[in-house]
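Enquirer: Chains as they are written, first to last, in this note's numbering: chain A, 1 to 325; chain B, 1 to 331; chain C, 1 to 387.
I should point out that these hints are in silico values taken from the structure, not numbers from a laboratory.
Any given hint could turn out to be false.
Label pairs and their in silico Cβ distance ranges [what the hints assert, rightly or not]:
#	chain 1	residue 1	chain 2	residue 2	range
1	C	PRO71	B	HIS15	55 to 61 Å
2	C	PRO235	A	ALA321	53 to 59 Å
3	B	MET188	A	ALA21	47 to 53 Å
4	B	SER197	A	TYR300	35 to 41 Å
Per the computed footprint, the stretches of chain A lying under chain B, defined by three or more beta-carbons under 8 Å from a beta-carbon of chain B, are [claimed, not checked]:
#	stretch
5	57–67
6	103–109
7	153–167
8	200–211
Glycine included, C-beta positions come from ideal geometry on N, C-alpha and C.
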Amino acid sequence: MTKDVTYREAMGRAIRDAMKADDRVFIMGEDVARYGGTYAVTKGLADEFGEDRVRDTPLSESGFTGAGIGAAIGGMRPIVEIMTVNFSLLALDQILNTAATFRHMSGGQVGVPLVIRIATGAGRQLAAQHSHSLENWFAHIPGLRVLAPATVQDAYAMLAPALEDPDPVIIFEHVMLYGRTEPLDVSAPADLHFAAVRRTGTDISLITYGGSLPKTLEAAEALAGEGIDAEVLDLRVLRPLDNVAILETVSKTRRAVVVDEGWLTGSLAAEVSARIMEGAFWELDAPVGRVCSAEIPIPYPKHLEEAALPQVDRIVAAAKAAMGR
Amino acid sequence: MTTKATDDIRPHLTHEHCLHLMKQMIRIRRFEEKCAELYTQEKIRGFLHLYIGEEAVATGVMEALGDEDAVVATYREHGHALVRGVPAQGIMAEMFGKVDGVSRGRGGSMHLFDAERRFYGGNAIVGGGLPLAVGLALADKMQGRDRVTVCFFGEGAVAEGEFHESLNLAALWKLPVLFVCENNGYAMGTALDRSESETDIHAKAASYKLPAEVVDGMNVVDVEAAARRAVHAIRAGEGPYFLECRTYRFRAHSMFDPQLYRTKDEVAAWEEKGPVIRFRDWMMAAGMAHDADLARIEEEVASEIAAAVTFAEASDWESVDTMLEDVGAMA
Amino acid sequence: MGLFKMPSLGADMEAGKLVEWMIAPGDEVKKGDTVAVVETQKGAIEIETFEAGTVGKLLVEVGETVPVGTPLAEIGDMSVEAAVPAHEAVPEPEPGPIAPPAPVAAPTLIRAGRHRASPAARKLSAEKGIDLSAIKGTGPGGAVTSRDLEGTHKAAGQKAASASGVDFTEMRKAIGRAMARSKREIPHYYLRHQIDLRAASSWLDEYNGSREPSGRLLMGALLVKAVALSLKQFPDMNGFYENDAFTPSDAIHCGVAVAVRGGGLIAPAVHDTDGLPLGDLMAAMRDLVARVRAGGLKGSELSDPTITITSLGDRGVDEVYGVIHPPQVAIVGFGTVEERPLAADGTLVAAPTVIATLAADHRVGDGRRGALFLREIEKLLQKPEAL
Chain A
1 MTKDVTYREA MGRAIRDAMK ADDRVFIMGE DVARYGGTYA VTKGLADEFG
51 EDRVRDTPLS ESGFTGAGIG AAIGGMRPIV EIMTVNFSLL ALDQILNTAA
101 TFRHMSGGQV GVPLVIRIAT GAGRQLAAQH SHSLENWFAH IPGLRVLAPA
151 TVQDAYAMLA PALEDPDPVI IFEHVMLYGR TEPLDVSAPA DLHFAAVRRT
201 GTDISLITYG GSLPKTLEAA EALAGEGIDA EVLDLRVLRP LDNVAILETV
251 SKTRRAVVVD EGWLTGSLAA EVSARIMEGA FWELDAPVGR VCSAEIPIPY
301 PKHLEEAALP QVDRIVAAAK AAMGR
Chain B
1 MTTKATDDIR PHLTHEHCLH LMKQMIRIRR FEEKCAELYT QEKIRGFLHL
51 YIGEEAVATG VMEALGDEDA VVATYREHGH ALVRGVPAQG IMAEMFGKVD
101 GVSRGRGGSM HLFDAERRFY GGNAIVGGGL PLAVGLALAD KMQGRDRVTV
151 CFFGEGAVAE GEFHESLNLA ALWKLPVLFV CENNGYAMGT ALDRSESETD
201 IHAKAASYKL PAEVVDGMNV VDVEAAARRA VHAIRAGEGP YFLECRTYRF
251 RAHSMFDPQL YRTKDEVAAW EEKGPVIRFR DWMMAAGMAH DADLARIEEE
301 VASEIAAAVT FAEASDWESV DTMLEDVGAM A
Chain C
1 MGLFKMPSLG ADMEAGKLVE WMIAPGDEVK KGDTVAVVET QKGAIEIETF
51 EAGTVGKLLV EVGETVPVGT PLAEIGDMSV EAAVPAHEAV PEPEPGPIAP
101 PAPVAAPTLI RAGRHRASPA ARKLSAEKGI DLSAIKGTGP GGAVTSRDLE
151 GTHKAAGQKA ASASGVDFTE MRKAIGRAMA RSKREIPHYY LRHQIDLRAA
201 SSWLDEYNGS REPSGRLLMG ALLVKAVALS LKQFPDMNGF YENDAFTPSD
251 AIHCGVAVAV RGGGLIAPAV HDTDGLPLGD LMAAMRDLVA RVRAGGLKGS
301 ELSDPTITIT SLGDRGVDEV YGVIHPPQVA IVGFGTVEER PLAADGTLVA
351 APTVIATLAA DHRVGDGRRG ALFLREIEKL LQKPEAL
């Protein structure tokens, strides 16, 4: 049975259901309790579960992320909410040097079953320091599982398996997705391994993740109007990448464009492109294209912000270029 | 070698206990000396940070802990691991990088882990262990467990943001953390008064509204007494506690350090007030120990360490084939 | 211990310079005593002995730099040096880091039946008209690479000068492939025209009469020149058809078909044919033939022809219809020059004639153009002195 809900409601519900099912689960972060969450994801949870399990923290990203790590080692199943990826840099030392590293460095003894939720992305004219997309920095780190739910269904369904993972999981929630309304079936489970084909096609593969999915689907519709049948692959899991799905779609269509809101240089799109080159070179009829953000700090005025970020028209143009048009 | 959990707020200075304290310190001292020697022979590689001179702090604090409590330490951790009960042979094998090391040889000197004994490293990031300790204590509190987490760190960590974040969180949430600052006066080559406007570290800690004491880190009995007081308060639910143990490292920061930042006279002066010398003199004067006791201790320790070295030498290397194991989210 | 050695004091220390001895032979030292000062990148570091004993010989002098592990002095009981320490039984560490296999080993997805060719190979094959599917590839997984095509091309054309003989089997195969492809893909149309060579013939006789054999011209040179000059009016016969489009060539390089001993055929280019005086053209053609026979053609000669001309020579038959060499768009054929009945001025005469044929790419033009082209060649041959 499905119901139309918003992305934020779906994530809020997932947290709630997880906390009801397991006493070890708790959430901490800035303004998650009394404020109800910066993006209103945790609204009402403190009233339901109390402020011990829905815990407001001081502005101490490194401190409370490290505390989340320690609590996970100590037997809890914490969800740490880092308000946005822009502030996550303060916690990056704990995430990399402790959470991602401990299990291997301790010879397998000390795992960190921690979930970190991080809002990401641009589009609200919040200017440079509040507009980053740094998913690929985290996707670079061995020991982390990195998720990018792009649909309401995934926003709900990916949390439970993430909490069951004995190793750290980072969930990126694009800020422009929070308000989207889509059907949700709470009984449908989700995996944390596979990419998903959101639209089948035969002429070109548009590969993307997170907040860029809606734009990419829109671009696919526009391309259909021009006689180009695009397949859209939603990566869902940014680390480890679903190599098989990537190679399969490109082998089918022989062309690919990767859409990624990160900056072009050293982007996750570059990683995907390299894998396509390594694994599907002989199948290609065109170079792999990338549509990424312009290499500038994201500007404040609307027209510049729009011009800096990937948009439908640029995706369409890149696809047509790959088709030789 | 693990201590029993005891609620005693004061140390019991029996003959047996005193010899035990002395032996713990001698174990650390001789182990570290052997590591230095092995390092010069390239058996131990990378960085080596010796605890010589600071033995009383780890020894004294560990007396106040039980098996259920947790320990978070730094890269200068061999002594802490030893007195916590982590087997010397496992530590030595780890220093050699062998697969029978406590971390399968993967971590080396700075990353000793023993989950069974709740020894959580070992951290090469100064200040990195403080939030970890806060989290371990948070888990205990949320699960209603009566356990203490002790967090050792140097005075250099006080400059890091994580120190402040962690003390604040621990005090705010009244977490069962014992913060032990081993103030040896130097953060690598930088003396404390060159890096802190307020050099009274316990005063800084007190500003976070947790009880904070200064302790003579060269006096193992003082350290044990302070630690027992602190742990007692923590177990009573009073929240975190802070001990600034003033001590001194007799050796360089690490092996490859010409110590251009301090004088030999300063080192010599501290050596004369060293923890082993002072405790031995006190014990002898008090009739608590005789030369024969000390000779026996040295012999037992020498034998333990020789066995550890033999074990480490004989241990294998981890196969490259298993190198990819124990990492989350492998495809 | 016995021998006191230069200690390692850090992971990146490879050697140390001894700057001071704190001991002398005969001294008693205890464990922990400083015995020397060593200069390192970081500064002077005192080094200690871990063994007690009497100091024997000092083995290194002040000022010397020695690698880590070098014996510096004898301390204590030297007899222990003879015994093999227990630790030497330990196996050496793995030789260097071995790159682990990538956990996401990117196996290529192989679709059954798909022939693999690199983008470079595909581009080259389109240019040269080579059929990829028949070429054995030497790239990963048997993929055809550009290098595989270069080999083929040489075989289809001619080997480089250094080789002693052409592998005709390979060449025949390559020619076969190219011809098959040409027939498959290029819609040929054919035209035939008989050309009166009386004027050309008598002019030749006159020209040659006063010259040494080496300076004489053959009819073939006149025919080639006439074609070249005609192409200036008919650029639609002179160029390349690639990627669904015809590009005329600025230059005119006639590929002159030469038979190779053993049964091969090759058509190297005479560059800028239209600009060559007849004497030069003749010399160039003779030179080509010689080099074809000897195997000494240049790559550009094989790849540059903008049109091909094939002649049957003296012992052929009346007409020859060629197969266009892609990416060219036309091939002109000349049958054997001989006396044939010719209707002229109302009477029948026996005159030297040649039957010229044109096979041309119908995608580029039609018979009308081809006819005009052949007519132009005929016209030019009526004025041999202007060639």
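Enquirer: Test coverage of the stretch 200–211 of chain A by chain B using CB-CB distances below 8 Å; three residues minimum.
Expert: violated (count 0)
Enquirer: If you count the residues of the stretch 103–109 of chain A with a beta-carbon closer than 8 Å to a beta-carbon of chain B, do you get 3 or more?
Expert: holds (count 7)
Enquirer: Okay, PRO235 (chain C) versus ALA321 (chain A) on CB: inside 53 to 59 Å?
Expert: 32 Å, violated
Enquirer: Are there three or more residues in the stretch 153–167 of chain A whose C-beta lies within less than 8 Å of some C-beta in chain B?
Expert: Check passed, 3 qualifying residues.
Enquirer: Should the hint that PRO71 (chain C) and HIS15 (chain B) are 55 to 61 Å apart at their CB atoms be regarded as holding?
Expert: 47 Å, violated
Enquirer: Please check whether MET188 (chain B) and ALA21 (chain A) have a Cβ separation lying inside 47 to 53 Å.
Expert: 48 Å, holds
Enquirer: Is the listed coverage of the stretch 57–67 of chain A by chain B valid when you require three or more residues with a beta carbon under 8 Å from a beta carbon of that chain?
Expert: holds (count 9)
Enquirer: With 35 to 41 Å as the target window, see if SER197 (chain B) and TYR300 (chain A) comply at their CB atoms.
Expert: 38 Å, holds
Checked against the numbered hints given earlier, the structure breaks hints 1, 2, 8 and satisfies all the rest.
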